[in-house]
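Novice: Can you build the whole structure from these sequences, using the hints too?
Next come the chains, spelled out residue by residue.
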Amino acid sequence: MLVQQLANGIAVGSVYALISLGLTMVYGILRILHIAHAGIYALGAYTGWFAFRLVGEFWLSLFIGMAGSALAGYLIERFLYSPLLHLPRIAPLIVSIGLFTAMEETFRIVAGPHTLTYNAKIGIGDLSLGNFKLTETQLLILIVTFLILIILWVILSRTRTGLAMRACAMDAETASSFGVNVKAIVAINFLIGSAMAGAAGVLIGVYDNQVWPTMGSIPAYKALAIVVLGGLGNIPGTVLASFVVGMAETFFIGILAIPFPRDAVAFVAMILVLMFRPYGLLGKG
Amino acid sequence: MVSGYLITILITITIYAMLAHSLNIITGRAGQISLGHSAFFGIGAYTSALFYTGAGLSFWLSVPLGTIISGIVGALLGIPCLRVRDDFLAITTMGIVFVVEAVFLYIPFFGGAMGVGGIDPPKWFGREMSKPEYFILLLIVLILLLFFDRRLERSWIGLAWSSIREDEMAAGTMGVDIVRFKVIAFILGSAIAGLAGGFYAHFLTFIMPQNFGFGQSIVILCMVVFGGIGTRWGPILGAIILGILPEISRPIMEYRTFLYGLLLVAMMRFQPGGLLGEESLLVKFFNSVGSSVRGKRIIKNASRS
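From first to last, the protein sequence lines are chains Z and E.
Sequence positions in the first sequence follow numbering that gives the first Met the number 0 and run 0 to 284.
Sequence positions in the second sequence follow numbering that gives the first Met the number 0 and run 0 to 304.
No lab work stands behind these hints, which were simulated from the structure alone.
Here a beta-carbon is modelled for each residue, glycine too, at the ideal position from N, C-alpha and C.
Misleading hints may appear alongside valid ones.
[Stated by the list, open to error] Listed below are several chain Z residues computed to face chain E (Cβ distance under 7 Å; list not exhaustive): (1) I93; (2) V94; (3) I96; (4) A101; (5) E104; (6) I217; (7) Y220; (8) F266.
Specialist: This is the structure:
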């Protein structure tokens, strides 16, 4: 029972990590609270669903979903955020909220208000070790998240692009004076972050076996809470906070059965942590 | 005689105007982003509703009590929130909404998902106040609030707020007690939101946790941004426009929220100061009309003499 909940917690935490990482990367470099990121997550799920309908191959549809989200993220950065960067930070925040609303409505108008079932054959099968059992979709989430996190870590710590990305997150102006093409790095940040959100959308689509227009509403704020919990812009902190929140949700609600809304757990954790560590779990002043 | 439909819209708009005005104190005057305004709106509404139905106090007592308690909670939540960095503030205040909504929803004392019912409209002179009378009462309160705002802007507090808004570090260097003035803005804004909440509860006569969710916060913020952050009349104009918009757009109900989102994006993209803010096309238009009229008059006077 306990181990089973642990597995659930890790699966939920992995998806949170995929969504929140893009958000924290965008914040790290542009200092924008990118609420429409959750719209990109839902877009990934929808693109993946349509692709699966067309080609009938899960892994290809996952890839197409990620590509669709990456493209959308790039376009948002190019045409909406970059002209607003000189304004007070409330301007991009409002644009982001408006865009998120418009995206949710687009999904509803185009694909209909009902949920669509995403019944994909993945072909890896369940994993059971004695009493402990991982369902196929849980296993899928763990594998995909693990692969993506490793790729991200390799990019960030082993390549020149990754070095430039870290430099821009620290101080874009100084990085620019050292010859880093900041615009290209911002675009890469959006592409990678949005692709991860798209992957999360597809994974949740198959995990819950449904895709629906407002699937991004709760992740929209929960991911923000997670990002703050980890220390805005801090990548390892965000991964840690995602797992903490995923675990806390499954433990408090699943085991202790406290009558408390699951989706408020992240915010309570965030407020409690901020009282003692105003810069988040791993944040520095 | 004004129809009941019209008067309902007018009252709703006046309540929204108070809310937008109160958020403008926090966001416009003191420059602190708050996404949690609907929580204080809700605290005011619930407090005055419970004082009325539970403790049996009259409208004239329960609404001020709601205002005061909302202000106190604003101070309690504001002090830890304002310690954090500005971007954290947006998310922390967002968190307040979710926690407050959860408290209303899950604690039986607050009526749970069923909300609080049986709140009567206010009485005066031994009879129930009619809707047009209630509207006039709200309008008078709103005008008093705006008058107070005018005085406040020219006081020391107003000057301190504008220095914090423009450059927090410079203000601190000049000896402005930043945290104190931020907390004052937070208390005033929350208290006025609580006042609006009390009026709202006695107008609807029935309140539910869902009335005070995150969506409501966004609507209030949009009104402020739409009209012009930091201007006195901008939030009021925003409340009027966004209050009327749902009524006149009933035929395109299906696409309403979609257009609402696009409108926000377009507004920020092309007119980020709001309708009455800096570099506003509307203000420029009226100024140019005004100056051309004035110009003609000067020419006329000159030719006469």
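Novice: Now look at each hint and say whether the structure bears it out.
Specialist: Do the hints match the structure? See the list:
For I93 of chain Z, the interface hint holds, the least distance from its beta-carbon to any beta-carbon of chain E being 5 Å, beneath 7 Å. The interface hint given for V94 of chain Z is met, as the beta carbon of that residue sits about 5 Å from the closest beta carbon of chain E, less than 7 Å. Hint status for I96 of chain Z relative to chain E: holds, with the closest Cβ pair at about 6 Å, below 7 Å. For A101 of chain Z, the shortest C-beta to C-beta distance to chain E is roughly 3 Å, which falls under 7 Å, so the interface hint holds.
For the restraint placing E104 of chain Z at the interface with chain E, the shortest Cβ-Cβ distance is roughly 4 Å, inside the 7 Å limit, so the hint holds. For the restraint placing I217 of chain Z at the interface with chain E, the shortest Cβ-Cβ distance is roughly 10 Å, beyond the 7 Å limit, so the hint is violated. Evaluation of the Y220 of chain Z hint against chain E yields a held restraint, the C-beta minimum of about 6 Å falling below 7 Å. At its closest, the beta carbon of F266 of chain Z sits 4 Å from a beta carbon of chain E; the interface hint therefore holds under the 7 Å criterion.
This entry does not satisfy hint 6, going by the numbered hints stated previously; all others are met.
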